[in-house]
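In order, the protein sequences belong to chains A and B.
Each residue of the first sequence is one higher than the last, beginning at 65 in the working numbering.
Each residue of the second sequence is one higher than the last, beginning at 65 in the working numbering.
It is worth saying that the hints were derived from the structure and are not from the lab.
Heads up, a few of these hints could be off.
Claimed, not checked - As a list, the in silico DSBU-like pairs of lysine-lysine whose alpha-carbon atoms are at most 30 angstroms apart:
# : chain 1 : residue 1 : chain 2 : residue 2
1 : B       : K204      : A       : K176
2 : A       : K153      : B       : K195
3 : A       : K195      : A       : K220
4 : B       : K100      : B       : K153
5 : A       : K272      : B       : K140
To be verified - Output of the computed footprint for chain A on chain B, the stretches with three or more beta carbons under 8 angstroms from beta carbons of chain A:
# : stretch
6 : 68–78
7 : 180–189
Said to hold, decoys possible - Chain A is faced by these chain B residues, among others (derived, beta-carbon under 8 angstroms):
#  : residue
8  : L117
9  : H119
10 : D149
Computed from a predicted model, the values in this text were never measured in an experiment.
Ideal placement from N, C-alpha and C gives every residue a C-beta, glycine not left out.
2 protein chains.
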Amino acid sequence: MRYLINFSYDGSNFFGYQKQVDKRTVQGELEKVLFKLANKKISVSASGRTDALVHALNQYAHFDLDINITSEKLKKALNSILPSDIYIKKVEEVTCDFHARFNVKAKEYIYKINVDEYNPIERNYIYQYNKELDIEKMRKAIIFFEGVHNFKSFTKSNSEIDDYEREIYETRIDVIDNIVTIYFKGNGFLRYMVRNMVGCLIEVGQGKRDIKDILNILELKDRTKAGMIAPACGLYLMNVYY
Amino acid sequence: MRYLINFSYDGSNFFGYQKQVDKRTVQGELEKVLFKLANKKISVSASGRTDALVHALNQYAHFDLDINITSEKLKKALNSILPSDIYIKKVEEVTCDFHARFNVKAKEYIYKINVDEYNPIERNYIYQYNKELDIEKMRKAIIFFEGVHNFKSFTKSNSEIDDYEREIYETRIDVIDNIVTIYFKGNGFLRYMVRNMVGCLIEVGQGKRDIKDILNILELKDRTKAGMIAPACGLYLMNVYY
């Protein structure tokens, strides 16, 4: 039976989603728990990885498990043995041709920035920028990311992938109580892409860059032109659509 | 010169505010940093202690320091060597008869409860109750705490203090996005008093207790009558008034 799980995690104490030898990862913890339940190795396939310190409000993954258990009981069993920084929100049975990564239609990410003074309570959950940003300029700039673009300037500089083209469907910048939340929805995101776009937007908000620089940088297809990468702790995988 | 500091901390990784041998405490960290600056032991006196895992948004403390430094530079110096879970928001010079504990006029505490599903990201910052509560009943019940009362039923059972009388000036329960925030302002709070009042209110919200039980429990002056103590992680010292 193939199961799709919807889960959240606090990325603070993980070396990212993807399994690594001798490092605490989300996939590693999930597979450890499934091993206990199934008494054999069960591979977990997520919608995509998240980097170290990045959080997820709604991540999805599938796995195959041939023990006789209802979805609701499987959810309870998993949560009862998972560490407190991962939580399974929903378990559902899916057909065996469903794939948590290949079937993704869209993803949403949010990035949070504190523009007020340093707050120790949210130091692992919001980028402590602690200075003013010109939000109106950032709102004008972010629109240039919308649509179909080659995002080579906004991904890992030495990444070797075939296709740098992605479509961003929707963007938004909200400000509530000195917390700036930057929202992106798209058909897919390259490695570091959200954090690099946010870094560039912060430079616009600081006045270091012009609004239209976004378009030029996209055109240049060169990572060295896009400036700073925003810290991982402000990033949340918000949702995945199938 | 006597200095008053206004500071915030994330209580998650502290054994409370007050110094203890071989344990990481907020006072211990502050005194360690002041020792580095002054090259001698400097005692820090706070408005009061907070227990292990309890957070502070605005705590206050005073200390005497005879090095020649402006308040603004002292703030920067302290923050540059303090660990990331403590932050000095303000430093000001006060007269030498000022005392951070004895001069307190009022204190505010808030307590946060998540009534939606478990959220790993806020597991150290909001009590994960994860079930419904009857907020209207709790709003009626909390009013009974207002005014002058003997709070012996709501403090540590074996506490030996002379005076259990405190005045609560104001209470409020707000609900935003499935987070219930319970607010108390008073002239002072006994040990565990807020968490015990919140525990009792939760039992009212669960339907386990009647609204008027609050008055009866206050009358009984007996800790065993007041029920559960709410977990420390939901509690925040919000403000101190002088």
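Here's how the hints hold up against the structure:
{"no.": "1", "hint": "K204/B / K176/A", "result": "violated (36 angstroms)"}
{"no.": "2", "hint": "K153/A / K195/B", "result": "holds (14 angstroms)"}
{"no.": "3", "hint": "K195/A / K220/A", "result": "holds (27 angstroms)"}
{"no.": "4", "hint": "K100/B / K153/B", "result": "holds (20 angstroms)"}
{"no.": "5", "hint": "K272/A / K140/B", "result": "holds (26 angstroms)"}
{"no.": "6", "hint": "68–78", "result": "holds (count 3)"}
{"no.": "7", "hint": "180–189", "result": "holds (count 7)"}
{"no.": "8", "hint": "L117", "result": "violated (12 angstroms)"}
{"no.": "9", "hint": "H119", "result": "holds (6 angstroms)"}
{"no.": "10", "hint": "D149", "result": "holds (5 angstroms)"}
Checked against the numbered hints listed earlier, the structure breaks hints 1 and 8; every other hint is satisfied.
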